[in-house]
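Turn these sequences into a full structure, and let the hints steer you where they fit.
Chain residues, written in single-letter form:
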Amino acid sequence: MSNYVLVPEALVMAAALVLVLLGRAPRRSRRWAPLAATVVVAAALGVELWAGSTLTSQFGGALVQDRFALFAKAAVLLAAGLAIAVTDWSDEGAPVIGMAMILLAAFGVMVIASAGDFVGLWAGLELTAAAGVVLVSVRRTDLGLRLLVAGGVASALVLVGLAFVYATTGSADLLAVRRAAASVNPTLPLAIPVMLLLGGLAIRAGLPPFEFARLPVGLGASPLGAGIVIGLVAAAALVVAFKISAALLPLPAVLSPYLMVAAAVAMVGGGAAALATRSPRARLAYLAAGQVGWIAAGLATHYRTGLGASLFLLGAFAVAATAGPSAMAGADAGEFALAGMGLLRPARAAGIALAFLSLAGAPPLGGFFGEFAVASALAASGALWLLALGLLGAVMSMAAAVGTVRAIYLQSPPDESRRTAGARLPVLTRLSTGGAVALCAVLAGYGVFAYPIFSLADQGAEALGLR
Amino acid sequence: MILAGIALASPTPVAVPGAGIFTSPLILSLSIWVPVAVAIAMNFIPNPRGRYDTLMKQIAFFTNLGIVFILFIAYNQFQTFLPGMQYEEKLPWLASIGVNYHLGVDGAGMTMMVLSGIIGITSVLASWGVRERVRSYFTLLLLLQASVNGAIAAHDMFVLALFWGAAVVPAALLVLGWGGPRREAAAWRLVGYWGLGTAALVIGTMTMYAASGGSSFDMDVLLKATLTPRVQLAVGVALIVAAATRLPLFPLHGWVRDVYSDSPLGVSVVIAGSASRLGAYLLLRALVASDADASRLLAPFIAVLAAISIGYAALVALRSVDLRSAAAHLAMVPGGITVFGLAALTPLSIAGGVLSLFTGGLAAALIVATAWTLTDRAQTRSLPLLSGLAPRMPILTWVFVIATLALLGVPLMASFPAEAMILFGSFKTQPVWAFAVAAGLVLTAVSVAVITHRVLFGEPNHDAPAVSDASLGETWYLGVMAGALLWVGLFPGGPKLPGTEQPIFDPGLINIMGAGISDITAPYVPPNPAATQ
Chain Y
39 MSNYVLVPEA
49 LVMAAALVLV
59 LLGRAPRRSR
69 RWAPLAATVV
79 VAAALGVELW
89 AGSTLTSQFG
99 GALVQDRFAL
109 FAKAAVLLAA
119 GLAIAVTDWS
129 DEGAPVIGMA
139 MILLAAFGVM
149 VIASAGDFVG
159 LWAGLELTAA
169 AGVVLVSVRR
179 TDLGLRLLVA
189 GGVASALVLV
199 GLAFVYATTG
209 SADLLAVRRA
219 AASVNPTLPL
229 AIPVMLLLGG
239 LAIRAGLPPF
249 EFARLPVGLG
259 ASPLGAGIVI
269 GLVAAAALVV
279 AFKISAALLP
289 LPAVLSPYLM
299 VAAAVAMVGG
309 GAAALATRSP
319 RARLAYLAAG
329 QVGWIAAGLA
339 THYRTGLGAS
349 LFLLGAFAVA
359 ATAGPSAMAG
369 ADAGEFALAG
379 MGLLRPARAA
389 GIALAFLSLA
399 GAPPLGGFFG
409 EFAVASALAA
419 SGALWLLALG
429 LLGAVMSMAA
439 AVGTVRAIYL
449 QSPPDESRRT
459 AGARLPVLTR
469 LSTGGAVALC
479 AVLAGYGVFA
489 YPIFSLADQG
499 AEALGLR
Chain X
463 MILAGIALAS
473 PTPVAVPGAG
483 IFTSPLILSL
493 SIWVPVAVAI
503 AMNFIPNPRG
513 RYDTLMKQIA
523 FFTNLGIVFI
533 LFIAYNQFQT
543 FLPGMQYEEK
553 LPWLASIGVN
563 YHLGVDGAGM
573 TMMVLSGIIG
583 ITSVLASWGV
593 RERVRSYFTL
603 LLLLQASVNG
613 AIAAHDMFVL
623 ALFWGAAVVP
633 AALLVLGWGG
643 PRREAAAWRL
653 VGYWGLGTAA
663 LVIGTMTMYA
673 ASGGSSFDMD
683 VLLKATLTPR
693 VQLAVGVALI
703 VAAATRLPLF
713 PLHGWVRDVY
723 SDSPLGVSVV
733 IAGSASRLGA
743 YLLLRALVAS
753 DADASRLLAP
763 FIAVLAAISI
773 GYAALVALRS
783 VDLRSAAAHL
793 AMVPGGITVF
803 GLAALTPLSI
813 AGGVLSLFTG
823 GLAAALIVAT
833 AWTLTDRAQT
843 RSLPLLSGLA
853 PRMPILTWVF
863 VIATLALLGV
873 PLMASFPAEA
883 MILFGSFKTQ
893 PVWAFAVAAG
903 LVLTAVSVAV
913 ITHRVLFGEP
923 NHDAPAVSDA
933 SLGETWYLGV
943 MAGALLWVGL
953 FPGGPKLPGT
963 EQPIFDPGLI
973 NIMGAGISDI
983 TAPYVPPNPA
993 ATQ
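Going line by line, the protein sequences match chains Y and X. Per this note's numbering, residue 39 is the first one in the first sequence, and the count goes up by one each step. Per this note's numbering, residue 463 is the first one in the second sequence, and the count goes up by one each step.
None of these hints come from the bench; they were simulated from the model. The model shown is predicted, which means the values in this text are computed figures rather than measured ones. We put the CB at the ideal spot given by N, CA and C, even for glycine. Please note that a few of the clues may not be correct.
[As the list claims (entries may be wrong)] Here are some of the chain Y residues that sit facing chain X, going by a computed Cβ distance under 10 Å: (1) P64; (2) A415; (3) L425; (4) M436; (5) Y489.
[Said to hold, decoys possible] Some chain X residues flagged as far from chain Y (calculated, every beta-carbon gap over 12 Å): (6) L553; (7) L605; (8) K890; (9) G955.
[Unchecked claim] Have a look at the derived ranges for each label pair, beta carbon to beta carbon: (10) R692/X to V486/Y: 31 to 39 Å; (11) G512/X to L469/Y: 46 to 54 Å; (12) R692/X to Y341/Y: 23 to 31 Å; (13) L469/Y to E594/X: 30 to 38 Å; (14) V77/Y to P508/X: 27 to 35 Å; (15) P643/X to A314/Y: 23 to 31 Å; (16) N509/X to T467/Y: 21 to 29 Å; (17) G512/X to L422/Y: 33 to 41 Å; (18) A48/Y to R692/X: 37 to 45 Å; (19) G512/X to V486/Y: 27 to 35 Å; (20) R69/Y to P508/X: 26 to 34 Å; (21) N509/X to R66/Y: 35 to 43 Å; (22) Y341/Y to P545/X: 35 to 43 Å; (23) N509/X to V77/Y: 30 to 38 Å.
In structure tokens, the structure reads:
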């Protein structure tokens, strides 16, 4: 069975390459590309769930297949598949490039999830971010450049941090780093690089106040591009944070304070900003930032239940934050762009509403279950102040999400003559309708059927060496 | 003697005819998930241009009727002599953090479920006049009802928080979508206050969880854990905040006026009748029944809040110039009385508090619904314009009078034994605040008398718009609530065959609610039938 472990990665990468080549083929032959890409991702997910439970390592330990990798890869494949299915491809400037880039981004996160050393983490993160830059540049070159520059800064910070950790512990292998960290004292010279490393990841994840690049890019990019930037790139940064957090487990003093501060700012700042803004996509981006804060809070607890809860929440986050912008399609001109969507596109509207509510942590969706699990870990670790701030952010997030759901279901659709480019109604296709229904089922079922999912996340945390 | 007879369960367990005919281990899950499933299914029915709006209403009505039937079976077969939880369901959910899908009801829970069933069907009848976006309205209404049922049946703090918080979104959307002119303010206040309450509930739960070793959220574990008085106090304060935002109690009552005045009628009925009672139910279940030290320490504080809430509500109602606003504030009174009964911490007052959950919910919903219907029929909410309506509105006059009598707890009303038990039970432990509550009730009586006299029996105002009496549909939903109040008032122990102890079909709410109360009050020793033989 260990021979099949890399099949999902191979399938995704092969599909991405074929799609890039398909860009030169006649337009007619690309009609089936979204469906084919969805099927390939679904097949990769199936293989991952079937063969991924095998514990093995490849390339001399550079790639490790464990329960953590299984969970993270399954989550990102699910998110990418749903995003491809639900996207309104008539609104994408270069559909095949879009499909190829989301597959490439998913591949990057899969590499991070299996990475056994710093090289894999860095390479996967850069790959995911590069896919985002390419897709954003297709529509807006200026924003692509902006993302590239901000990404460069983030990358430099991550590299400097990794280099210092390597210098201190004498190894780039995550297990060896962990063993070495047990004999290293938490000193300021180590704490500063770790802060730089986390700062770089925060920029990648777009946490407040580091959303200076991600937010305008998320607003200006195509729906799928926004999904990659808001969802997959953030998920990639978080998966790196999981691995680093586990590697530096013996040194919580150099990690936890930063994570707690970042989490507090993200949870409260994300909720407040979501409440203040009127643009649906900006609101979704801020809600996502707030939920990233919850995930970071779980990491800050620095023990298995907290990381398991964060990993569980990461799954719900990845799906909602990646597929949410795609489901919104061209509706980025303001709340009125979503008005009456419940009447005109019921399945898509339900998908958007559930994505918003899940990111806001509203019960009984996946986001609520994950945030509650993180909250229990925070309480058990004594960080009640962080829990209180998180709940404050959650209340604001919920109010913001109610505002969007209201626009979707309770406001009348705008007159067709008033529809601008930013308020275009998504084209109705069987694939997008099916994708929207599947998105609803995943977000609602994630909580209701939490027992096996949470158990797997818990095993994932255990696989990182946490007890 | 009469009060003691009312408060205690019947000395001999007599089977109600029909008991055991039908039972299901999923009886509580059915009452929660059937409305959810129907709400989802309704959205798959094609409804071009509202062609099947009536069908949507009928679906919602028959769903509620089915739930009432299920709950009636549960009520009918409830074992009044068992102290623990009944109809329990337990499945692992988030196993590694100790979350179980654990449902169960004791006497107080069963009483609340009955209340929720009555309120559910009443709210659908009260919503029959909805014309816009009918499908969305009834979808949200069913989801709201399901979340209330879930919060009542929850026996795991996670499940409780889940359903407690789940009520916020549908309630806010219902107010936003179908409310009156001040619906924006009403909805955002509702989200703010209820959101704060949910956050407080989660903080209280997490504090208990952390202090008890972080192994389980099950109420059997969490609420029975030995906590230090300091932790109990912190938990108690959080739970009081959660309860005060929901019930509501002064000073966390900011949503009451706008929500009760400007919500659609069916939503006001659900919120006033059952959703808001969850606040007092939470205090009963999580504070009074578990944190002995905290409840004793905080009891005077809760009593003060209750007394202030009653007096404040009565005074604001007296000064109000809007009948719906006055009714909204009057609807706070039963909640204050219930909480005061729980704060007094005597067996009699707690039993009264449990009965008051039921009677207070019905009385609050009835006063809000009657005021809403009356102002709708009179085409104005202005109290100066509403005058001398009794001759032109005989049905609404009767119902309004019944509602006010229920608020005041006069004999023959179900609220009479509840209020009497609370006041008699509390004079022993909270004499000063019992007097304050009684004074608040006098103020309420004055307020109610002034409003009733002005609106119904005063000199008719010829400048007022034309009025009409309640329609048949309106009479139905008002009649169901008034009838339930009268039924329990007349037959608190259930109707019996003449000369026997054999109940006919209703085992009696007093007998049902008594089950489990003995477990809540530590010094209270229930009568042992075996010892008396």
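#### Entry: Hints breached by this structure
Hints 1, 6, 7, 11, 17, 18 are the ones this structure does not satisfy, whereas the remaining hints hold.
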